[in-house]
Amino acid sequence: MLDFKQKGQAARAEFSDLVKQFQRFYPKLTLERTSNWMNQAQILRPHFWNYLCGYGDITEPMFALRLYGKPRDFGVSLEVSFIERKKDETSLTKQNRVLQVPIATPVYYLTQINGVSQRFAGTEENRQYLSQQVKTGQVRKVLVKYDVDLAQATSIRQVLDELQAAMITLIPFYEATRKL
Numbered sequence: 115m116l117d118f119k120q121k122g123q124a125a126r127a128e129f130s131d132l133v134k135q136f137q138r139f140y141p142k143l144t145l146e147r148t149s150n151w152m153n154q155a156q157i158l159r160p161h162f163w164n165y166l167c168g169y170g171d172i173t174e175p176m177f178a179l180r181l182y183g184k185p186r187d188f189g190v191s192l193e194v195s196f197i198e199r200k201k202d203e204t205s206l207t208k209q210n211r212v213l214q215v216p217i218a219t220p221v222y223y224l225t226q227i228n229g230v231s232q233r234f235a236g237t238e239e240n241r242q243y244l245s246q247q248v249k250t251g252q253v254r255k256v257l258v259k260y261d262v263d264l265a266q267a268t269s270i271r272q273v274l275d276e277l278q279a280a281m282i283t284l285i286p287f288y289e290a291t292r293k294l
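All letters in the sequence shown, in the order written, are residues 115 to 294 by my numbering.
Calculated from the structure, these hints are not laboratory results.
Note that the structure is a prediction, hence the values are computed from the model and not measured.
Take the hints with a grain of salt, since some may be wrong.
Distance condition first, Cα-Cα at most 20 Å in a straight line; then the derived SDA-like pairs of lysine to any residue [unchecked claim]:
1) Lys200 / Leu166
2) Lys255 / Leu206
3) Lys119 / Gly168
4) Lys121 / Gly168
5) Lys134 / Gly168
6) Lys201 / Arg292
7) Lys184 / Ser149
8) Lys255 / Lys184
9) Lys200 / Lys121
10) Lys200 / Ala125
Ranges of calculated distance between the beta carbons of each label pair, as one might list FRET restraints [as the list claims (entries may be wrong)]:
11) Arg138 / Thr250: 38 to 48 Å
12) Ala124 / Thr250: 41 to 51 Å
13) Thr173 / Gln120: 29 to 39 Å
14) Gln242 / Asp131: 21 to 31 Å
15) Tyr243 / Arg138: 31 to 41 Å
16) Glu128 / Glu289: 39 to 49 Å
17) Tyr140 / Tyr243: 30 to 40 Å
18) Arg147 / Thr207: 21 to 31 Å
19) Gln246 / Glu198: 21 to 31 Å
20) Asp187 / Ala279: 17 to 27 Å
Glycine included, C-beta positions come from ideal geometry on N, C-alpha and C.
Whenever a hint applies, use it, and build me the whole structure from the sequences.
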């Protein structure tokens with residue numbers, strides 16, 4: 115167990131360092147705390163996340179970096195999301211405004227339908243479909259995401275450059291959540 119603890123702490127520290135380096139490009143975004151390597155029930159988590167708050171309250175949609183994947187296929191995704199446990203009565207409405215923005219790959223949607231996470235390619239057809247599903251209540255929340263492959267990365271500089279490209283691509287989606 116001690117070995118797991120040390121590896122989990124080291125992985126969390128490395129992820130936190132990546133997030134801090136990325137945040138230096140966007141000093142107006144405030145970093146929230148990086149998720150733990152183990153939850154309160156002492157269950158190991160194979161991924162980490164960190165929210166980067168923009169303008170407004172903690173209930174507002176913001177950016178998040180999430181580690182994803184399996185041993186041979188892993189990376190970090192940048193997304194427009196909100197902290198579920200901090201949401202208020204307007205969080206979902208604001209978040210789903212991401213569907214007002216035209217989308218193209220490599221950006222994609224992630225949503226939950228009947229409790230199961232589902233990925234939808236960044237196409238106009240999927241944007242229209244998900245908009246209808248939100249209106250009818252079939253879909254509760256829609257995230258927009260952009261993945262950066264860490265398994266193929268050759269340097270931290272390359273990862274940071276790709277994350278900056280992701281940020282530039284996702285800014286219009288974030289701005290859509292800010293409209294009154």
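Taking the hints in turn, this is what the structure says about them:
The hinted pair formed by Lys200 and Leu166 meets the criterion: a straight-line CA distance of about 14 Å does not exceed 20 Å. In summary, the hint linking Lys255 to Leu206 is supported, as the alpha carbons are separated by about 6 Å, within the 20 Å threshold. Between Lys119 and Gly168 the alpha-carbon distance is near 32 Å, which puts this suggested pair outside the 20 Å criterion. Note on Lys121 and Gly168: the hinted pairing is violated, with a Cα-Cα distance of about 31 Å set against a maximum of 20 Å.
Annotation: proposed proximity of Lys134 to Gly168 holds, straight-line Cα distance about 15 Å (limit 20 Å). Taking the CA atoms of Lys201 and Arg292, the gap is about 15 Å. The hint holds against a cut of 20 Å. A threshold of 20 Å between alpha carbons decides the hint, and for Lys184 with Ser149 the separation of about 18 Å falls inside it, so the pair holds. For a cut-off of 20 Å, the pair hint linking Lys255 to Lys184 is broken: about 25 Å separates their Cα positions.
For the suggested pair Lys200 and Lys121, the alpha carbons sit about 30 Å apart, so the restraint of at most 20 Å is broken. Between Lys200 and Ala125 the CA atoms are separated by roughly 26 Å; this puts the pair beyond 20 Å, and the hint is violated. At about 43 Å, the beta-carbon gap between Arg138 and Thr250 stays in the expected band of 38 to 48 Å. Our hint of 41 to 51 Å for Ala124 and Thr250 holds, since their Cβ atoms are close to 46 Å apart.
Between Thr173 and Gln120 the CB atoms are about 36 Å apart, so this pair conforms to the stated range of 29 to 39 Å. Between Gln242 and Asp131 the beta carbons are some 40 Å apart, a value that contradicts the proposed interval 21 to 31 Å. Range check, Tyr243 to Arg138: about 38 Å between beta-carbon atoms, so the 31 to 41 Å window is met. As the Cβ distance of Glu128 to Glu289 is approximately 31 Å, the hint placing it in 39 to 49 Å is violated.
Judged by the Cβ atoms, the range 30 to 40 Å given for Tyr140 and Tyr243 holds: they are separated by roughly 32 Å. Roughly 26 Å separates the CB atoms of Arg147 and Thr207, a value that falls within the hinted 21 to 31 Å. A hinted range of 21 to 31 Å for the beta carbons of Gln246 and Glu198 is consistent with their spacing of about 23 Å. Remark: the range hint 17 to 27 Å for Asp187 to Ala279 is upheld by a beta-carbon distance near 20 Å.
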